[in-house]
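Listed below are the residues making up each chain.
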Amino acid sequence: MSAHDNSHDLEVRDSNVVDRFEDPGHPDHQPRKGDTDPKANKKAERQVLFLFAVSVLGTIGFVVAYFALPPGDTAESMRTSNLALGGALAFALLGIGTGAIHWAKALMNDHEKSEERHLQRSDDETRAAAVEVLAEGTADSGISRRGALKGAVVSALALFPITIALPLIGNIGEDWNVGKLKHTIWKKGVRLSRDPNGRPIKASDVTIGSVFHVIPDNLEEHHETGDYMDQKAKAVVLLVRLDPRDLKADQSPAGETWSYDGIVAYSKICTHVGCPVALYEQQTHHLLCPCHQSTFDIADGARVVFGPAKRPLPQLPITVDDEGYLVAQSDFTQPVGPSFWERETK
Amino acid sequence: MKALAARRHDRRAPVVLLLLALLLTGGLYAVLAPTSAKAESSVASADDVKAGEKLFQANCATCHGPSAAGTASAPSLIGVGAAAVDFQVGTGRMPMQMNGPQAQVKPAQFDDEQISQLAAFVASLGAGPAIPTDDQVDPSKGDPATGMALFRTNCAMCHNAVGAGGALSRGKFAPNLWETSPRHLYEAMLTGPQSMPVFNDANITSEEKRDIIAFIDEQGNVSPGGLDLGSIGPVSEGLWAWVVGLGLLIGAAVWIGAKSS
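Going line by line, the protein sequences match chains A and B. With this note's numbering applied, the first sequence has no gaps in its numbers, which climb one by one up to 383 at the end. With this note's numbering applied, the second sequence has no gaps in its numbers, which climb one by one up to 593 at the end.
These are computed hints drawn from the structure, not numbers from a lab. Just so you know, not all the hints are guaranteed correct.
To be verified - Okay, derived cross-link-like pairs now, SDA-like style, lysine to any residue, Cα gap no bigger than 20 Å in a straight line:
# : chain 1 : residue 1 : chain 2 : residue 2
1 : B       : Lys591    : A       : His63
2 : B       : Lys591    : A       : Thr73
3 : A       : Lys285    : A       : Gly361
To be verified - Chain A regions said to be covered by chain B (calculated; three or more residues, Cβ under 8 Å):
# : region
4 : 138-151
5 : 294-304
6 : 371-379
We treat Cβ as the ideally placed atom computed from N, Cα and C, and that holds for glycine.
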């Protein structure tokens with residue numbers, strides 16, 4: 038089609054503009070093979086028959102598998118049972134679905150039909166009557182005259198949604214005490230113990246290159262108070278021993294006294310969005326977060342060397358007690374984990 | 333035979349059978365039991381150390397230095413112990429084939445005797461972790477449930493919840509553990525090869541290591557749900573659901589909407 042033809046079309050359209058396009062009607066009906074050839078029709082029928090038969094066999098297979106292949110106690114028997122039940126169920130349902138659709142498409146008639154929609158607009162008489170009824174009701178209520186009633190009904194309608202909104206908003210977050218985010222159960226003298234079995238850790242147990250996953254020794258008490266998981270989620274710590282020569286000199290001012298002979302303890306909760314940071318690479322002293330690949334340099338005060346985290350991991354100040362066990366000097370000196378509105382950024 | 337069959341209901345029969353079974357088991361064990369435990373104890377003979385030193389000078393000294401004290405390109409081997417040598421050489425990681433983010437598993441370059449000679453030589457340089465006994469690494473003696481709890485806390489973040497392995501930074505990765513032999517698993521925990529931290533016996537006791545080995549032994553064989561798609565989590569599972577699952581649904585929708593011929 039050339040540009041010339043297009044401009045010619047436009048001219049014609051301009052000269053006799055139509056308000057509506059004419060209904061083009063149905064395309065010519067194309068008979069299917071089965072409509073003209075009785076053999077093809079018979080074939081389609083057999084196909085539908087086959088699909089429903091597949092469904093029946095699937096159902097029978099399901100029943101047989103249910104009794105013949107119990108899940109049992111081993112992974113193998115469970116897999117066999119699941120595969121047999123699932124496979125049979127798939128045949129049972131797909132047989133019905135594909136059979137019904139194939140029946141409708143290939144055997145039922147496919148003549149196009151149109152059904153006229155009736156007008157949505159009511160006739161003028163009905164509309165006038167409705168307006169009259171409304172006007173009569175408004176006049177009868179005297180809403181323009183009775184000011185107090187008008188105010189009362191508007192107030193009632195405006196206030197009622199509070200009963201829906203209050204529980205929705207009030208239940209968000211459940212607990213608005215942000216002070217809980219600023220403290221963990223670590224305190225002076227609490228022993229560092231192993232996750233998950235709670236055995237306390239001696240400084241001599243920690244050889245260079247070792248990693249310990251640590252929970253506070255007093256976490257056990259929180260089994261009774263019911264907030265064990267909450268407290269554990271905040272207090273988990275990763276303990277690493279480096280060659281003291283590898284620890285960078287330029288630590289945070291208090292950093293020197295917070296470690297013990299190359300043993301350092303850092304919060305395991307990422308400062309980005311709070312995933313447990315625990316992928317420790319012994320050779321590079323890098324600690325990776327599995328969620329967004331934030332990388333912290335354990336040799337350098339858990340400085341962020343890569344990724345979306347904004348702050349270093351908070352360090353737990355540690356020392357040893359008289360028996361040689363590692364203990365905390367205090368709680369973390371800053372909140373662990375991700376930022377929140379009331380957190381003072383350092 | 334008939335005489336025997338007639339006596340099978342005799343009340344002494346169970347006792348006799350039990351004794352026979354015990355005798356058979358004991359006899360078979362004596363014949364078939366691996367003798368490596370014995371071999372390990374005699375491993376430190378002077379000849380072995382000498383042979384090991386020869387192997388070391390020929391194959392390892394280029395990088396680790398003639399006195400095994402390490403060079404700029406390889407760490408010192410003094411005090412790493414026999415366990416580290418058995419792991420690194422036994423899994424083919426050492427001698428390293430080429431430089432890269434980390435030494436890869438490949439067919440072992442030495443036979444068992446040579447590995448034990450090398451191990452004896454390196455162990456003679458300084459005290460270090462020894463090769464575990466067969467009893468220490470026998471998965472059938474461990475408790476997989478305890479092992480799972482320990483694995484989840486200490487190992488799963490790098491090696492994946494079922495030990496399928498995972499990525500680290502800059503081309504390094506934590507390998508899949510399903511094909512690793514129990515002894516090599518134990519040695520890896522004990523010595524902390526390459527990027528892996530050390531889990532000494534004070535951190536995870538010898539029995540706990542066996543529990544972890546028992547847990548890994550149960551993984552990677554069969555998945556109760558059918559296809560496990562490599563057990564690597566949302567990437568393979570999502571790809572399957574979005575490409576294959578949605579593809580089938582779109583195909584079905586197109587078929588339903590198409591005119592029959």
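Each hint, compared with the structure:
no., hint, result
1, Lys591(B) <-> His63(A), "holds, 15 Å"
2, Lys591(B) <-> Thr73(A), "holds, 16 Å"
3, Lys285(A) <-> Gly361(A), "violated, 25 Å"
4, 138-151, "holds (count 4)"
5, 294-304, "violated (count 0)"
6, 371-379, "violated (count 0)"
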